[in-house]
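Enquirer: Respectively, the protein sequence lines represent chains A and B.
Residue numbering for the first sequence follows my numbering, beginning at 17 and increasing consecutively.
Residue numbering for the second sequence follows my numbering, beginning at 17 and increasing consecutively.
A hint or two may mislead.
Calculated lysine to aspartate or glutamate pairs in the DMTMM-like style (CA-CA distance at most 25 Å, straight line) [claimed, not checked]:
1. Lys301(B) / Asp123(A)
2. Lys28(A) / Glu73(A)
3. Lys130(A) / Asp98(B)
4. Lys130(B) / Asp123(A)
5. Lys242(A) / Glu211(B)
6. Lys95(A) / Glu140(A)
With beta-carbon atoms standing in for the labels, derived distance ranges [unchecked claim]:
7. Lys301(A) / Glu266(B): 56 to 64 Å
8. Leu62(A) / Asn44(B): 50 to 58 Å
9. Ile78(A) / Asn44(B): 34 to 42 Å
10. Ser273(B) / Asp92(A): 40 to 48 Å
11. Glu43(B) / Lys301(A): 47 to 55 Å
12. Lys102(A) / Asn212(B): 46 to 54 Å
13. Gly33(A) / His22(B): 53 to 61 Å
14. Ser273(B) / Asn270(A): 39 to 47 Å
15. Phe232(B) / Glu104(A): 52 to 60 Å
16. Ile20(A) / Asn101(B): 48 to 56 Å
Treat the hints as calculated values from the structure; they're not laboratory data.
Backbone N, C-alpha and C fix where the C-beta goes; we use that ideal spot for every residue, glycine too.
Each chain, letter by letter, is given below.
There are 2 protein chains.
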Amino acid sequence: MSQILHSSSVKKLITKGLKAECKSLRENNIFPQLKVILVGSDPASLIYTANKKKYCEKIGAICEIVALDEKISEADFRKTIDQINKDELVHGCIIQLPLPKHLSHLDVGHLVVKEKDVDGFNPENLYALMRNGNDSKDFISCTPKGILTLMQESQIAVAGKHVVIVGRSMIVGKPLAMLLTNHNATVTLAHSQTENLKTLTKSCDILVSAIGKANFIDETYISANKNQVIIDVGMNTDAQGQLCGDVHYERVVNLVSAITPVPGGVGPMTIVSLAQNLLQASKNKLSL
Amino acid sequence: MSQILHSSSVKKLITKGLKAECKSLRENNIFPQLKVILVGSDPASLIYTANKKKYCEKIGAICEIVALDEKISEADFRKTIDQINKDELVHGCIIQLPLPKHLSHLDVGHLVVKEKDVDGFNPENLYALMRNGNDSKDFISCTPKGILTLMQESQIAVAGKHVVIVGRSMIVGKPLAMLLTNHNATVTLAHSQTENLKTLTKSCDILVSAIGKANFIDETYISANKNQVIIDVGMNTDAQGQLCGDVHYERVVNLVSAITPVPGGVGPMTIVSLAQNLLQASKNKLSL
C-alpha cells in the first residue's frame, strides 16, 4: 500500500505550535503582521491571497491584503512597497504572483527588504540558502521549505537519497535543489530541455514535479520497483476543469511507496512555511 | 582516441582578445586594475596570486598583490577591503583563499562590493547567476565560467546533456550547477554523502570532479562506453609530491571521449575568467 502524504495532520501539528508562538509574541507586545500585495483580480490569485490571510488570522497574526488596481503605475507600485518596507508595524511582505504584464519585468527579489522577505526571494535570503549558513533568521522559500517539512514529518529520509526535481524555477526548482543538497540529498535538476527524462525519473528515490503541466507524470515515468516517493507541486486545471497536479495520480498511486495528493499535499505546506517565516521575522525584530 | 582538453590554445585565443580590449580601454583612459588580497604566506596562495598578477599584466591590466600580515586583526582586514571598495581607480578585488583561522569565519561574499566582485562570490552576483538574468554585467564565479568556456571552445555541447558534478562548494559545485542548468544541461550535484556514487558517475554524459582528493576518480567510476567527458577541477598533491587532479588520469584517459589534464586544463581557465571579469568591471564603470 502506498503512503498518501496528506499534509493535514502535519499542518495541524505545526499550526498548534504557531498559535502558541504567536500568543507569546503578542504577550510581548509584538503583533506579527503580514502584508500581501495583490495587483489586479486574477481569480487564482484572489483565492491564494484569501487563503493566506485566513491562515495568518487562524494562528493569531494580522494579515492585510493590499489590493492594487491592475493598471497601477510602476512608480506607485514601488512606492507602496517602499512604504511597507519602512512600516515599523509590518514584519512580512509578499507580492502575489503573477504580476500584470506592465510590471512583470520587475525582479520581485529586489522589491521587499530582506528582513521582511518572508517569501525568501531576496538575493540575501537565497544566498544564505545556497551557502547553507544555518542561520535560522534567514528565510527559506516557502514551497521548498514546506516540501522538506512534509517529508521530515512523514519520516521520509532525504540524506544520501537521489532526488530528481523536474522544473528549474526560482520559486521551487532551484531553491529546492539547494535546500535538499544542504540536507545531504543528491539532487538532479531536470527541465524541459532534459534528454531521456524517463530514464532519470525512473532511477531516483524521490521525484519532485514542479512544472505546471496537468497529469504530465504518468506510469511511464515511474520505476517498476514501487519504491519511489512522489512529491507533486503542480496546481493545474485538467480538461474537465478540475484541480489536478503534475502527476497522473490514479495511474501512479499504486506504483509508488509514497505520494502527495493534489489538493491537500504540498499546497497547504506552502502557507504553513509562510506563517513560520512571518513569526521568525517577528522574532528577528525582537532580537535586533 | 580521447580528446585531451588542454586549455592552452583556448587561453591563447581569449588572451589575444583581452589584450585588444584592454588596449582600447586604456585609450579611453580606463586602466583596469585588480587588487589581490593575500593574508599570510601560504605557499600555494603565493603561487596562485603571482600567476594572477602575471596574467593581468600580460593583457595590459594593473594588478597589485596586497600582502597582509597573517596576524592582521579583523578590523584592519576589513578596513583594507573597505578602502579598496571605495578606491575609484580599482575595478576588481579578490581575496585569496584560504584565510588564516582567525579570519576564516568571515563570509567573503559580503566583503567585496558587487561592482568589484570579479570572483563572483557576492550575493548579488550569485543571485544573478541563479536567476539567469542574462545580464553580462554580472560576474560569474571564475572556475565555473572557465569550465563552461573551455567546453564551449572545445565544441562540447552541454544543452540536454546529463552532467554529474562531484563536490558542492560555493566556489565550484553550486555555482557551476546553476550555470550549466541555465545552459540547459541536466545537472546532478553529488558529494560526500551521495549513495551509489559510481552508478551516478557511470551514467552521465559529462563528469566534473571538484572534491580535492588526489586521483579519487579512477576507472571504476567511468562508463565502459568510452563516451564521457571528464572535467577535472582538482589541484592536489599526490603521495610523491606531484601536482595531480581528482581524476586518476592514466587509468581513465583511454576510457573517455574527452578529458582535461592537470595541470593545463581547468586551472588556467580560472585566471582567464578572472581577467574577463576584470575587464567587464572596467567597462561597467564606463557605462555608469
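Enquirer: When you take the CB atoms of Lys301(A) and Glu266(B), is the distance between them in 56 to 64 Å?
Expert: 59 Å, holds
Enquirer: Does the structure keep Lys130(B) and Asp123(A) at a Cα separation of 25 Å or less?
Expert: 17 Å, holds
Enquirer: Does Lys130(A) pair with Asp98(B) here, judged by a C-alpha cut-off of 25 Å?
Expert: 23 Å, holds
Enquirer: Return holds or violated for the Cβ distance of Gly33(A) and His22(B) against the range 53 to 61 Å.
Expert: Given range 53 to 61 Å: holds, Cβ gap about 59 Å.
Enquirer: Taking 52 to 60 Å as the stated bounds, is the beta-carbon spacing between Phe232(B) and Glu104(A) within them?
Expert: 54 Å, holds
Enquirer: Holds or violated: 40 to 48 Å for the Cβ distance of Ser273(B) and Asp92(A)?
Expert: 57 Å, violated
Enquirer: Should the hint that Leu62(A) and Asn44(B) are 50 to 58 Å apart at their CB atoms be regarded as holding?
Expert: 54 Å, holds
Enquirer: Should the hint that Lys102(A) and Asn212(B) are 46 to 54 Å apart at their CB atoms be regarded as holding?
Expert: 52 Å, holds
Enquirer: Note whether the CB distance of Ile78(A) and Asn44(B) lies within 34 to 42 Å or breaks it.
Expert: At 55 Å between Cβs, range violated.
Enquirer: With a cut-off of 25 Å on the C-alpha distance, tell me whether Lys28(A) and Glu73(A) pass.
Expert: 15 Å, holds
Enquirer: Against the 25 Å threshold, does the CA-CA distance of Lys301(B) and Asp123(A) hold or violate the hint?
Expert: At roughly 23 Å apart (the allowed maximum being 25 Å), Asp123(A) and Lys301(B) satisfy the hint.
Enquirer: Quick one, are Lys242(A) and Glu211(B) close enough, alpha carbons at most 25 Å?
Expert: Measuring from Cα to Cα gives roughly 19 Å; hence the hint holds.
Of the hints listed earlier, those the structure fails to meet are numbers 9, 10, in rising order.
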